[in-house]
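One line per chain: the protein sequences are S and R, in this order. All letters in the first sequence, in the order written, are residues 1 to 184 by the numbering used here. All letters in the second sequence, in the order written, are residues 1 to 354 by the numbering used here.
These aren't lab readings, by the way, just hints derived from the structure by calculation. Predicted, not measured: the structure shown is a model, and the values here were computed from it. Ideal placement from N, C-alpha and C gives every residue a C-beta, glycine not left out. Wrong hints could be hidden among the right ones.
Claimed, not checked - Below are the DSS-like pairs computed for lysine-lysine, each with C-alpha atoms no more than 27 Å apart in a straight line: (1) Lys294/R - Lys120/S; (2) Lys76/R - Lys161/R; (3) Lys294/R - Lys138/R; (4) Lys124/R - Lys99/R; (5) Lys87/S - Lys294/R; (6) Lys209/R - Lys294/R; (7) Lys120/S - Lys351/R; (8) Lys245/R - Lys54/R; (9) Lys75/R - Lys161/R.
Stated by the list, open to error - Okay, the calculated bits of chain S under chain R, using three or more residues with CB under 8 Å as the criterion: (10) 31-41; (11) 141-155.
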Amino acid sequence: MSLLKPFSKLPGLNTANILLVENEEQFQQKLADTVVLQEKTVNVNVLARSLPLPMENEESRPRIDLVVFIIHLTSELSFQSAETSLKYLDPGYFQGKVCFLVTNARNVSVPPERLVSVRKLAASLHCPLLCAEDQTTEGVTTAAHRLLAILKVAAGLVPMATGLYLSTLTRCTVPSDIDQQNFE
Amino acid sequence: MEERNSTEETPRNNALAQRRSKSYRQSMRSCVEATHLAYTSGLLTALRIPRSRKAPKSCDITKQVDPDQVALLVKKEWQLSYVTPLYQFRHTQLKSYSKQLSAFIVSEKQQGLAIEVGQELGFKVNFSVVLGLAETDKDAETVFIQILSKQAFSAKDDAQKVVWSGWLTCVNGDLDYLRSLPLEFVSLPLFCTRGPESLTVLVKSWFEKTFDCCFGPLGINSTNLQWLASLWTGCHPTINIQYLKLVWTLPTLPPMDVTYTVHPQDAWELWDSMRQVDTTEDSISIDEVTGFIKGLQSHFFRHFRIDLSAGSLMQISTALGSSHHSGKIKIASPNYIPTILQLLTECALLKMPI
Chain S
1 MSLLKPFSKL PGLNTANILL VENEEQFQQK LADTVVLQEK TVNVNVLARS LPLPMENEES
61 RPRIDLVVFI IHLTSELSFQ SAETSLKYLD PGYFQGKVCF LVTNARNVSV PPERLVSVRK
121 LAASLHCPLL CAEDQTTEGV TTAAHRLLAI LKVAAGLVPM ATGLYLSTLT RCTVPSDIDQ
181 QNFE
Chain R
1 MEERNSTEET PRNNALAQRR SKSYRQSMRS CVEATHLAYT SGLLTALRIP RSRKAPKSCD
61 ITKQVDPDQV ALLVKKEWQL SYVTPLYQFR HTQLKSYSKQ LSAFIVSEKQ QGLAIEVGQE
121 LGFKVNFSVV LGLAETDKDA ETVFIQILSK QAFSAKDDAQ KVVWSGWLTC VNGDLDYLRS
181 LPLEFVSLPL FCTRGPESLT VLVKSWFEKT FDCCFGPLGI NSTNLQWLAS LWTGCHPTIN
241 IQYLKLVWTL PTLPPMDVTY TVHPQDAWEL WDSMRQVDTT EDSISIDEVT GFIKGLQSHF
301 FRHFRIDLSA GSLMQISTAL GSSHHSGKIK IASPNYIPTI LQLLTECALL KMPI
């Protein structure tokens, strides 16, 4: 079982690499293009459907600084695929190098339990949870902007800030009231 | 929003984390409200998504409710909406409400139309109470509204026919919420309508003007459709459901609809195997429901290689009733009305922006 390790390769100069994992493969391309356009030091984006990544290009793949799991709340499969992919990440990633991005959180047809379970997952892993809107260009630009902010810290390009420090500020929390919801 | 809340709550000192001060609780409660982005829930509606329900018992509803009135409710397809509590709605003044509503409808319909002498646009409205549907003493009695009108070009002596009907109900509503309402308010959160959209809009605007309430569309999300499918399948031993049909929409290009019909005996055996060992217990938990639907989905996957969990559940139907994601419900059998209405009342209460 090949785990993706955070520090097994040397970092490049003035580069930061982001891995976007999404089961449906619709939002990743738009997001990747927007991230590259917004910032000139970000050179490489790696897109994947699910982990583990294929062994063939193991050597040519650069060091991945931030892994983003994109979960579409309209389908249950998206969430399950993200959960199974988590197993293929080395624990070193969970100290500020993993982020969850959720779309369609405001959609009326989405059962609220799904967002609650994604929150619980993100809170248990101490990772930030971002909500994004993927249908409009402004939504994609905003999401890219936020991811870029986290990416720069995770790649070490921001002085005096590390991924671990940022994650203690931005990590998702679930108040324990949610667990006490069913009084019957 | 998440960043702001986490900086407040992350304790710098372990000792402080033990202290449950009042302000900490209030900030936690506001965090709970902020999680549900589809609607804002106030302090009075503690957000509760039920994780278990009582198994439906077949009850002869005609013992509690007049059979003619039951016949008005079953075997028809209703469109659902939620309504916020009504201010100063009195069950004793139904006759005057009927007159006011009919006058309102007539005046709205005549706006902009040239008034012809002799043309009868007469609408007659009938408000009535359906006694017996309310389960607890906090539930308000169900109110049934009918609009009758003469068809155009009908003969002079023809009776008026029902062109629109609707009913407001509350069955086994959340007790804490109902107790917390001020005395002048009556809560009948579920509104079911059937008939032309123009009349529905007029009725809603009259209610909004008279009782200062708000209406909104009530959809039935996939979790609740799964609950309905399991509850109806569970009734198979007592009353034959004849088929279990589920319709999914898959997000392919072009979108694909999958209709999955299951033989009732097979569905019941799968449901029975999902029920935990203590089948004597009355309650059904959400895990059993999700397990049942997952079983159906994995069977489909094994045969067709299509994973239905990538799509969304749109409609379910059995011989006992059918329900659509957009908020349509049809109850075919009068025996299980209280259970279905209880589930729908819960949906309406959760959806309300109060």
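* To do: Provide an ascending list of the numbers of those earlier hints which the structure does not satisfy.
  => As far as the earlier hints go, 3, 6, 10, 11 are violated by this structure, in ascending order.
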